[in-house]
Structure formats: C-alpha cells, structure tokens
Amino acid sequence: MTTTPYLSRRHLLLAAAATPLASALPFSARADAPMMGASLAPYRRFKLGAFEVTTLLAGTRTVPEPHKIFGLNASDEDFAAASEANFIPADAAQFFFTPTLINTGSEVILFDTGLSPAGTVAAIEAAGYTADQIDRVVITHMHGDHIGGIYEDAPTFANATYATGEVEMDHWDMSGNDGFEAKIRPIQDQFDLMKEGSTVASGITAMEAFGHTLGHLAFHVESDGERLILGADFANHYVYSLAHPDWEVLYDADKSMAAQTRRKMLDMMATDRVPFIGYHMPFPALGYVDTRDGGFTYVPASYQTMIEG
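With mature numbering (1 follows the signal peptide of the UniProt record, and there is no 0) applied, the sequence shown covers -31 to -1, 1 to 278.
If you are wondering where the hints come from, they were derived from the structure by calculation, not from laboratory data. There may be inaccurate statements among the hints.
In silico DSS-like pairs for lysine-lysine, Cα to Cα no more than 25 Å straight-line [as the list claims (entries may be wrong)]:
| id | residue 1 | residue 2 |
| --- | --- | --- |
| 1 | K164 | K224 |
| 2 | K164 | K233 |
| 3 | K37 | K164 |
This structure is a prediction, so every number in the text was calculated from the model and none was measured.
Turn these sequences into a full structure, and let the hints steer you where they fit.
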C-alpha cells in the first residue's frame, strides 16, 4: 500500500520561505531600482519642555584640506592622527549649515539664516512652516553663512522682527564688509540689540561667547526644566574643536579668546550634561559633551529627545 507523507504546517512554511520571492514576481517588478544618490532629511524636530525645536539643514558641502582651517597650530602628524582616530579623512571635511527654529507656542523664532534664502526657506517648508510664519530672526554673528538668507532684494521673512548682539552690530557696522552691506544694512534699523543676559523670549537668554567673532552670541534655552544650548560657532568641528579646543581655527577673529570660550562652554556643558546644537556639527547638529584625556568629546544625540515621559 502506498502512503502519502504527512506535511506539517511547519514544513509548508519552511518550503514557502525557501522559494525565491523573485520567481513569483513578473519580470518588470524585478528590474533594478535606479541609484538615488546620498541624501539627508532637511530637518529634525524634537520637544524641549513646552517648546518645539527644529534643526534645519540649509546646506552641506565637502571642503578639501581641512588642516588649512582647523588646527593651524597643530602639526600635520597630529592632525592626521586625530582624524584617523575618529575614522574621518584628513584631506576633506563635510561642512553643515544648520539654522534652528524654536516654536515657543506663542512665537516662531529662527536662529541664523544660512547661506541663501533658497536653501533656508526650502528647509523651513520641508519642516512644515513658511517664511511668513517666522516671528523673529536672531543672528548669532554676522559671518556670511549666518546672514546669507536674511535678505535678497527684499526681506526673506516679511513678518519678522530682528535681533543680534550689540557688540557684533557695532563691529560689522564699521567694517566695510560686502556681506554686511548687502544683507544687514538694508534692515539694520529694525534690529534689537542684545548683550549678556538679554532675553529673546521667556526661557531664551543670550550668552556672550566672544572670539569666533568679536560679538558672537550663544543662547541658553530652558522650558519646563529642560535645557539646551544654541552654541552657533563657538566650536566649528565635532572632532578638531572639541577634542582639541586650543587648536586655532582660521575663521576665529580672536583665536586666543575663541579657545577660552570653547573651554568655558564645553566644561559647562559637560559638567551640567546639557545638550547643545552646533551650527556646523554633523546634522541634525544635536549632541552632548563628555570629558576625555584632558579635552572633550562629542556624543551625538540618539533617541534621548524621543522618549515621552
């Protein structure tokens, strides 16, 4: 007598799993997908107490020969060793340009404006806002990659008021700088001027962080007991500026003062375990500071801001 072998449900499932999926698909569905190219989402939003904070990728580019920018007082050997230890090339660096939006619930405040109106407005719109919804624009300092998006034939943010540091405005007002003349001069009389302790909005306070420029400001943000530092350009690279805060940076106006500011701010953030947004940190530009080997190290944020409590 012939018997039929018993096939259990487990055997059937295993057989189905072993069958190549492609064999069941029409030929057209198996065609190779086109290459899409490397990309980053242009924004990241998280809660800070009652505030919503959104970092905006207004631009990014590869810059060759970073040792001509960072570590001007470091040897080629030390620069190469620092790069290799952190798995980054010594002959190129990726620059990020990251304005920040804070929605306080009553105001939408933009900190810095990127390289151009187009790039910054595109990121703002990707994040679900429009340029007309910006109530206030705060300029941390007046380098071109921070003021480039504020004005082009007309104000980019038509309904916004403006604020920047008093020392910063005084310096650039007398500088003859082309960027200042094109971007700030047409709206200069609309700026509120700030100093240490000035309040942008309830919970957002200016901090002197001089050195990168002569009137560079950072900002302390606090809502419902949660804290954040908007660091702007007090540190320009997550390795070269944190692990080596005394390394000189080409773009720092007062290199000695900038190094003192870096050490002071990094020590505060490491001690208080407060996160910071750095304008040029790897996007989404949010991270923490830890101490290591007499210097500091950057700890990128992961899911800390996603946890609902």
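Hints and how they fare:
1. K164 with K224: 21 Å, holds
2. K164 with K233: Answer holds: K164 to K233 is near 18 Å, not above 25 Å.
3. K37 with K164: 32 Å, violated
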